[in-house]
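Student: Residue numbers (my numbering), protein chains in the order written: chain P, 3 to 283; chain Z, 3 to 283.
Honestly, the hints are just simulated from the structure, not real lab data.
A portion of the hints provided could be inaccurate.
Below, simulated SDA-like cross-link-like pairs (lysine to any residue); rule was C-alpha separation at most 20 Å, straight line [stated by the list, open to error]:
#1 Z/Lys206 <-> P/Glu160
#2 P/Lys206 <-> P/Asp222
#3 P/Lys206 <-> Z/Lys206
#4 Z/Lys206 <-> P/Gly140
#5 Z/Lys206 <-> P/Ala278
#6 Z/Lys206 <-> P/Ala272
#7 P/Lys206 <-> Z/Ala272
#8 P/Lys206 <-> Z/Glu160
#9 Z/Lys206 <-> Z/Thr224
As the structure is a computational prediction, the values presented were derived from the model and not from experiment.
Number of protein chains: 2
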Amino acid sequence: VTDREVAVIGLGLIGGSLAGALRRAGAHVLGYDLSCERAQTAFALGLVDGVSDHPADAVRAADMVLLAVPVRSIVELLPEIDAVTPPGSVILDTGSVKGPVVDAMGRLPGAARAVGGHPLAGDQRSGPEVADPDLFEGRPFVLCASSETSDEAMSVAENLVREVRGIPLRTTANEHDRVLARTSHLPQFLSTALALCVRPDDGKLSGPALRDMTRLAESDSTMWRDIAGANRDALVESMREFERQFGALVTAVETSDLTALVEAMESGSARAQSLAAGTDT
Amino acid sequence: VTDREVAVIGLGLIGGSLAGALRRAGAHVLGYDLSCERAQTAFALGLVDGVSDHPADAVRAADMVLLAVPVRSIVELLPEIDAVTPPGSVILDTGSVKGPVVDAMGRLPGAARAVGGHPLAGDQRSGPEVADPDLFEGRPFVLCASSETSDEAMSVAENLVREVRGIPLRTTANEHDRVLARTSHLPQFLSTALALCVRPDDGKLSGPALRDMTRLAESDSTMWRDIAGANRDALVESMREFERQFGALVTAVETSDLTALVEAMESGSARAQSLAAGTDT
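With the hints as extra help, turn the sequences into a complete structure.
Tutor: This is the structure in structure tokens:
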């Protein structure tokens, strides 16, 4: 593990946490962030061994490059990163949508060494200040191959996931994006819409549930703009499905069809419980 | 405080927690629950000093009666409880909707000693097994007078709230119900609808956010059936407002109007942050 050089492009919550976890595991980590202030914070917090002023400088001697920037930036950066990363090194991203990223990876000259990734961890906060080397502990870390990804590159990516104590989970980009539309992207926009319904003075008459349900609304809007753009069709489909399910509840309440309401609640409860059982493992 | 007799009708999460907190504060607490098993559990857990087979037996010698059953049962029980509770004692409920309860209180022969209450605490779990005498610590506990409630009764209720370490918060039933429709009842049904959108196998591809957003869906359906019935108009209004806000986000995603999406997210984030600041105090 020692003597290995890792470059982390983007030192927010995910990039900073990966950097910290890999440094703890013995890697030498060079970081880059568009924001000089964030890069300096990551350095000051000991998440990276050093920072570069340009992505190309960070990756030039890297055995492994991690791209932890918003999805649109990943797609834009890939050709440049691929061009300056040494042969034999592996490129892994952490974007929340995998289709456009894996497509772009498949078109690179160095397509064989590029792997799509997405750690299912994090929260509404962002920035290196909240980075945590334990963030990935026991959490699934999705890995998606493009049609060109080599088995060797995938194997290196899986080892990296285990080094940061995550659980490698291989799936296709398409499957990832359709499921995440329901399990991650839909909840994000529900939280935003709920926050928009609440009046400024309502806080004093609210319990812990409202906070739980509006926490996601504080998430970084640039990151989510990119996710919505990159996973539009699957996201719209899941939003429409939600509108149907919620609309049926509105009708049940409005017509005082309390039997239908109880049935829906019992089904929802069973679904939530099985989700909890599945994700608490 | 000692030698005081409190009757708690309904020994679920809220009733059990109140019983435990008052017993800790030195009161002698008699409990009743429709379910003999729950009553026995509450007794076995030390939440009550004893249990009765009938509500009338529990309240006969009480200085204070707490009604911690679903809203419809509160309204149904009030006349019977009022008839057998000794003069000079105070009746306080904990229902999540206050309009119908406070109306029913105002029509009692003993209207002067009846106070509407709602502790803004609890979670999706129910039953005495999860009761916690610290549940109300630092949380608002809403108190609503009917047109007939005496200042003395309100004062006794406020002292009880302080004894269980809650923060008494006086408001009108109407104001309570309109605000709680947005801050509590709406989030409940959003959580149910979201749980219904998720497929059984989705759990393995989900992060902590989905769990946060579907936790409420596990709440007791009988309690929520009553809430939806008792606060129908305000709830439907808040659900319609949500449909408008969410619909605007769906349109923004579908038309790739990412500027509008970012604006909505920024507004939602500011709202969520001010809520968090207000409720974290």
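Student: Indicate, hint by hint, whether the structure satisfies it.
Tutor: Hint-by-hint comparison with the structure:
no. : hint                  : in the structure
1   : Z/Lys206 <-> P/Glu160 : holds (17 Å)
2   : P/Lys206 <-> P/Asp222 : violated (26 Å)
3   : P/Lys206 <-> Z/Lys206 : violated (36 Å)
4   : Z/Lys206 <-> P/Gly140 : holds (12 Å)
5   : Z/Lys206 <-> P/Ala278 : holds (10 Å)
6   : Z/Lys206 <-> P/Ala272 : holds (16 Å)
7   : P/Lys206 <-> Z/Ala272 : holds (16 Å)
8   : P/Lys206 <-> Z/Glu160 : holds (17 Å)
9   : Z/Lys206 <-> Z/Thr224 : violated (30 Å)
Checked against the numbered hints given earlier, the structure breaks hints 2, 3 and 9 and satisfies all the rest.
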